[in-house]
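Asker: Chains L and U, in that order, are what the protein sequence lines are. The first sequence begins at 1 in UniProt numbering and counts up one residue at a time. The second sequence begins at 1 in UniProt numbering and counts up one residue at a time.
Among these hints, one or two may not hold up.
[Said to hold, decoys possible] Residues from chain U shown here face chain L by an in silico Cβ test under 7 Å; the list is partial:
(1) 63
(2) 80
(3) 88
(4) 99
(5) 106
Think of the hints as simulated: they come from the structure by calculation, not from any bench. Source: prediction; values computed, not measured. C-beta atoms are modelled at their ideal positions from N, C-alpha and C, and glycine is treated no differently.
As a plain string of letters, each chain reads:
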Amino acid sequence: MTVLEAAAPPLSRRRAGLGLVCVALGALLVLSVVVAIGLGAAVVPPGDTARYLWSAVTGGRIDAGEVTTYQIVWQIRTPRVLLAALVGAGLGAVGVAVQALVRNALADPFVLGVSSGASVGAVAVTVSGGLAAFGIYAVSAGAFLGALAASVLVFLVSASRGALAPLRLVLTGVALSFGFQALMSVLIYFGPDNEATSSVLYWTLGGFGAAQWGSLPVVAAVVALGLFVLLRQARSLDLLALGDESAASLGLDADRRRRLLLVLVSLVTGVLVAVSGAIAFVGLIVPHLVRMVVGATHRRVLAVAPLAGAVFMVWADLVARTLVAPRELPLGVITALVGVPVFLTLLRRKGYVFGGR
Amino acid sequence: MDLTLDGLTVVTDGRALVRELSLRVSSGQVVGLVGPNGSGKSTALRCVYRALRPTSGVVRVGADDLADLSARRGAQLVAALTQDGMVELDFTVEEVVALGRAPHLRGAQALGRRERELCARALEQLGIAHLARRGILGLSGGERQRVLVARALVQEPRILVLDEPTNHLDLRHQIELLSFLRGAGLTVLVVLHDLNLAAAACDRLAVLSEGRLVRSGTPAEVLTAELVEGVFGVRAEVVAHPLTGDPQLLYALTDTGKRPAPLPRSLTS
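Based on the sequences and whatever the hints tell you, model everything.
Answerer: Structure follows, in structure tokens:
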């Protein structure tokens with residue numbers, strides 16, 4: 001026994017690095033948030049930003065001359081930057097889960113047609129003026145319902161022949177996305193005004209311009225719930241990634257677990273899309289980048305991906321609103337500018353394999 | 001622990017892949033499942049590791065109906081080496097082997113000290129300890145196969161089923177794997193294509209053709225020239241192995257006999 005104990009190696013070379021990576025990314029996230037809140041049309045030094053935030057949280061006092069700046073920091077920028085961090089964290093984690101669930105390196109949170117469904121919902125509400133009961137959240141509610149409807153439709157169509165095969169799920173999602181886009185075009189074409197067009201642009205490229213304190217708690221709760229469940233299911237995701245046969249032999253009903261987790265990620269994605277539009281590339285790139293650093297095991301990937309996604313999103317949003325200030329670039333433009341080259345570099349890299357050599 | 005298939009029938013899309021298959025693997029025995037491509041071997045195995053639910057019939061582990069056990073409990077008793085497609089994620093070898101503990105762990109529970117030792121020992125036993133930190137996607141087919149065997153061992157099952165485990169293995173590793181199975185003390189049901197290897201490695205053989213069991217018994221009882229020609233459509237000479245006495249088939253490429261048309265009545269007992 002003693003020989004064996006001496007021979008038993010630590011289970012992974014990467015374990016030691018995990019805590020370090022998380023702490024470093026966490027610190028970077030806090031720093032990024034403070035810097036991002038300070039920057040914009042009116043630049044606030046990080047020291048002042050931190051002081052304002054501290055006053056707001058603890059109920060401290062602000063000089064009369066600083067009230068305007070304080071309002072900008074606390075009422076406009078803070079919710080926006082926090083929303084960016086939350087959405088980035090959510091998309092990062094959901095991207096990891098979806099890639100394992102459908103066993104596809106190119107899958108992202110929108111693979112089930114969620115983004116185009118949300119766009120249809122948002123445009124439908126904009127054009128028809130429906131869901132008035134939701135007040136200022138009517139369009140978001142429409143987007144959420146559209147996203148859910150799209151996921152349900154994809155589920156039903158791909159599950160019509162029994163088991164929910166991953167590849168069929170992906171192909172159904174892609175096919176139905178085209179359908180939703182056509183539907184959206186029709187809505188715009190026959191829509192009464194330009195409002196629908198700008199609404200579509202907003203939902204397809206994404207952005208945090210509409211961020212408000214009011215919607216943050218819901219988003220935070222949903223993202224937290226999603227992360228909690230996914231972290232608990234990390235080993236199930238490992239098994240699902242091995243394939244359904246192996247998963248079965250290791251005591252996991254792959255089809256059932258996949259359904260449950262897809263419902264969860266659809267809900268989370270629906271909420272994220274409803275508050276920020278369909279921000280491309282984050283949910284696709286972040287999982288790959290994180291795997292390159294901490295390996296493929298989901299317990300580790302899911303610990304790091306939300307932090308990485310949050311940091312990335314905060315900076316992407318900062319660039320989007322400061323690069324050509326006072327105009328704002330659509331967020332999707334920035335994420336694509338970063339995402340496309342990163343992804344292509346990834347594909348060319350030798351040490352990283354997803355889907356064989 | 002005994003493994004019993006009782007009247008197992010699997011019908012998919014109106015086609016019977018396995019028909020009324022009854023088979024018993026006694027505790028500690030190694031039983032080989034042989035037969036031509038498409039004869040239902042893999043389908044029968046899939047029912048044992050629960051990737052497939054039989055249309056009718058029962059799989060029993062010990063005295064229990066497998067269908068009455070939870071998926072986790074089933075996987076604590078039965079481990080499998082499957083014919084899965086490609087894994088897409090580049091897990092390290094030790095990560096894959098550690099997943100063998102999955103049926104014994106709850107939620108996000110981490111591996112304990114004993115379980116890590118178990119993994120290390122399995123890596124040693126299969127001669128892949130030096131690969132522990134390598135990514136599985138960079139391994140050769142044979143190395144990957146041994147990783148999967150190690151994973152199955154870590155599962156600490158009572159019954160082990162293997163679907164063509166000698167695929168991708170070179171001669172030495174084929175022999176090592178099969179003699180390892182013989183010495184593992186597990187109840188083993190293994191699908192093999194190489195009849196000579198099967199005759200050498202198995203206590204008993206069961207021959208499937210078109211989803212039916214056409215014969216079962218010791219290798220010497222089962223592997224006759226008549227059966228090999230009837231089931232596989234190959235004319236072969238059966239000789240006794242000069243060292244072990246196991247029946248071994250000799251065949252020539254030029255003399256393949258006729259295709260296995262309908263089975264002779266005498267075989268479909």
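Asker: For each hint, tell me whether it holds in the structure or not.
Answerer: Hints, one by one, checked against the model:
no., hint, result
1, 63, "violated, 20 Å"
2, 80, "holds, 4 Å"
3, 88, "holds, 5 Å"
4, 99, "holds, 6 Å"
5, 106, "violated, 10 Å"
In summary, the structure is inconsistent with hints 1, 5 from the numbered list given earlier, while agreeing with the others.
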